[in-house]
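Protein chains in written order, with this note's numbering: chain A, 7 to 280; chain B, 2 to 373; chain C, -13 to 273.
Bear in mind the hints are in silico, worked out from the structure with no lab data behind them. Since the structure is predicted, the reported quantities are computational estimates derived from the model, not experimental observations. Keep in mind that a hint or two might mislead.
Using C-beta positions, here's what the derived DEER-type ranges look like [stated by the list, open to error]:
#, chain 1, residue 1, chain 2, residue 2, range
1, B, R120, C, E160, 22 to 28 Å
2, C, L86, B, D197, 39 to 45 Å
3, A, A166, C, Q155, 45 to 51 Å
4, C, D92, A, L74, 19 to 25 Å
5, C, D92, B, Q70, 39 to 45 Å
6, A, S54, C, L86, 32 to 38 Å
7, B, Q171, C, Y261, 31 to 37 Å
8, A, R227, C, Y261, 44 to 50 Å
9, A, L50, C, A9, 47 to 53 Å
10, B, D197, C, L10, 54 to 60 Å
11, A, V78, C, R0, 18 to 24 Å
12, C, G158, A, Q241, 33 to 39 Å
13, B, V305, C, R0, 53 to 59 Å
14, C, G158, B, G129, 26 to 32 Å
Some residues of chain A that are not near chain B, with every Cβ distance over 10 Å (derived) [stated by the list, open to error]:
#, residue
15, V11
16, G27
17, R95
18, G128
19, P142
20, D171
All C-beta atoms, glycine included, are put in the ideal place defined by N, C-alpha and C.
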Amino acid sequence: MRRRVLPGFGISLGYALAYLGLIVLLPLAALAWKASGIGVEGLLRLLSSPRTLAALRLSVVGAVVAALVNAVIGLLVGWVLVRYRFPGRRLFDALVDLPFALPTAVAGIALTTLYAPNGWLGQWLEPLGIKVAYTPLGVFVAMVFVGFPFVVRTLQPVLASLERDVEEAAESLGAQRWQTFFRVILPMLAPALLTGFALALARAVGEYGSVIFIAGNIPMRSEIAPLLIVQKLEQFDYAGAAALGVAMLAISFALLVLVSLLQRWSHRWQERSL
Amino acid sequence: MTLELSRLHRRFAGFQALDDVSLSIAPGEFLALLGPSGSGKTTLLRILAGLDYPDSGSVHNDGENFLAQPARERRIGMVFQHYALFRHLTVVENIAFGLRVRPWRLRPSRGEIRARVDRLLRRVQLEGMGARYPAQLSGGQRQRVALARALAVEPDMLLLDEPFGALDAQVRVTLRRWLRELHEELELTTVFVTHDQEEALELADRVAVMNNGRIEQVGTPEVIYQQPATPFVCEFIGKVNRFNVWSGNQGFAAGSWSLHDDPWQGRYTEAVAYVRPEQLRLAAPASQPAWEARLRHIYLAGSVAHLDLYVASLDLSLEADVASEDLSRLGLQAGMELRVAPRGAVLFPLDRDGRPLSAERWIWQARSPVPA
Amino acid sequence: MSAVMRSRTVAWPRRLVHVVLIALALVFLVLFLLLPLATVFVEAFRQGVAPYLEAIKQPEALSAIKLTLLVAVIAVPLNLVFGVAAAWAITRFEFPGKALLGAFIDLPFSVSPVVSGLVYVLLFGAQGWFGPWLDDHGIKIIFAVPGLVLATIFVTLPFVARELIPLMQAQGSEEEEAARVLGASGWQMFFRVTLPNIRWALLYGVLLCNARAMGEFGAVSVVSGHIRGLTTTMPLEVEMRYNEYEYVGAFAIASLLALLALLTLALKSLLEWRYGDEIAAHAPGGH
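Excised from the complex, chain A in its bound form:
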């Protein structure tokens, strides 16, 4: 007797599942299958090689630090764009999305040129003893660049919807401006901040295009994990590439699960209201 009132359930769900299965799930299954080819021992040997470890460490630590920096800068930029009015605000607001829109290869060569020892920024940093291009610092700079819009874009709607009267209430209760910020505003922004952090992190961990140009790709020093995969592929070591791919997937899922747990915790005051 039960029928669906709106049409198209079977066809839309069927199509979506088939498409998703063919495009995403089947290939990922191939990845898992190929990776299993080298066995647990082989996987451990591969992952414990110093070069792999160094690359994974750079990808993960670099991404975490970059996402943290993005959380701080993103909060500043988001705050300024939402709360203050100044000429050109719209333009700067649109500019925030540039790292989304600019192809990574273009960002990569542009950043490299900019931070090279003779580049616009590099020439000022070089005398200070700061080398960016072809160092781990360059990897970090590229990761900040690609992850930048996430925090701003997740924060903006939340910032805009923050009730002004809550801040006014805090001030009327005698709180200093900075106290209001750290005790009232920041906790309310925390869930969105964490979402932005997670997105920036996920993006930076796997980032390839913008990083490889500026990294210099010096083994053990400025080589990122995705590049190792490419190199293994070029050597026709498919199982090794697949194993590294699985390791990277596992790492990014672990990080995302961690962040979502943090998020649930920071969101706890919203759970009750249904």
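On the provided structure of chain A, position chains B and C as indicated by the hints.
Here is chains B and C on its own, set in the frame of chain A:
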């Protein structure tokens, strides 16, 4: 069309929206489904519209299985709670929608559609608004567009989900009267859902009061108001004073006020009594049993005055309504003592666990009605 | 708005804080975002207009442009249809595993682009699951256009669905139900009610999807094989020229991609500004 709804059940995750609901809807009648939110009234309406289906039970239309017909073949006009106007279409396009989506053979000609839309625009008093978009209309205008859109397909039955819910008080009253007139003119079977008892009593030929997925009572507004079938109906419809009475030597009584009767012949020791504010006598003669009450406050609300009374001997607060112009005639002033007695009451005996028994309802009237 | 009013009325230490914060944010935006963009154009025209035009007119450049457009023209409509179907199923019906489906749609966002390409090599490459079979039948997917298309579809799969799901959730199904009660057939309902209601969000999603599809580097780089004139898209052409120290040539192609990015940003801002409420609370996460 006569609709026969029989033993409908509908369960959603975690709650019973309809619990054994049976109801018949006569041709041309104006029926209100009245109840608090979550009482199942909207679910019932959606089942009639073909937007939801019961887990069990049947709906027959002149003997035909109504549930087997998909929504689009039921010849129903529906006005949604938030109107569900197509925001990207103008008023005219909204009203014409149901005609334009007809299969080519059944579709009226352009001119005919245009003429029918014009007639409807006039009927809902929106001439000259045809080119506007829903966002450019007021709430009351949107509601009338939704109604015109529903009527355009010449339905056999009109369903309205909280038709006045989103409107402010004044518009609501005007539109209510207008809808009633429209109904009388079209003689279209109309079912509407509301949580507003005043709206239901004022508009409908019959009211079905719903609670927790069940129909508590179906009847004319007079019956619902004067002879409520269950404690829920007593409390949901209108304002009401509620207190307990106990069985004694002279029948049931509460303090110094006694009913001098026991229709249950000693089977129950306690009952709950419901008395409407206008059923309280404020100056009962000494010959009649009554309470000594203090008039704590007079709330003047236009033509009516609400009196806040307190019976100290029972620790009972009561509300009585009198016409404002009677205040001075009766010499009422805050702080004065009054002899107060109900003129009528609806009583339900309580079983041993203190649950009221609707089946044993007793409608009591004072024997010698004395003018107030 | 009130921010202006406040900043006029508040005491000067607080105004100073405002000014400092604005300055900090703007300096960052200029140095970190605007400067790289400017670099692209400055480097592209470093030797003047003629070498720039020369670099763009080379046959490799033209074939890269054509290939990029071809890949986008195939990948974007496929993901558009998928996005609409997935959003319709998820927002209009209840079914077990709905949350899981939503998570799977997001999956490509958390997969490294390189891995996105890798999975297709493992599936269709010489040593892959279907490799030998494809080889026997003379079908080439990896190091050929189909591989580029597949990898691009993979990385751009979530965009349209992600844009539509929150909007359609917020809009609810009342209008569609009204259309049904008024007698509309399934397709009439879709084309007359659903589609007009989601058109701007759809366009928005397509815009982001297209920008990523044309600019994708990591995933296509893995499946491309870098065969000049045959399997190099514009971003790959940029890489190859850059690695061969053809800086002007690399930046010339890059400037075209940067223009595409600027156009995307402009259209995106226009859509947000003009049809903000019809795009609604779109989930952030356009890579």
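Can you name, in rising order, the numbers of the hints this structure does not satisfy? 3, 12 and 15
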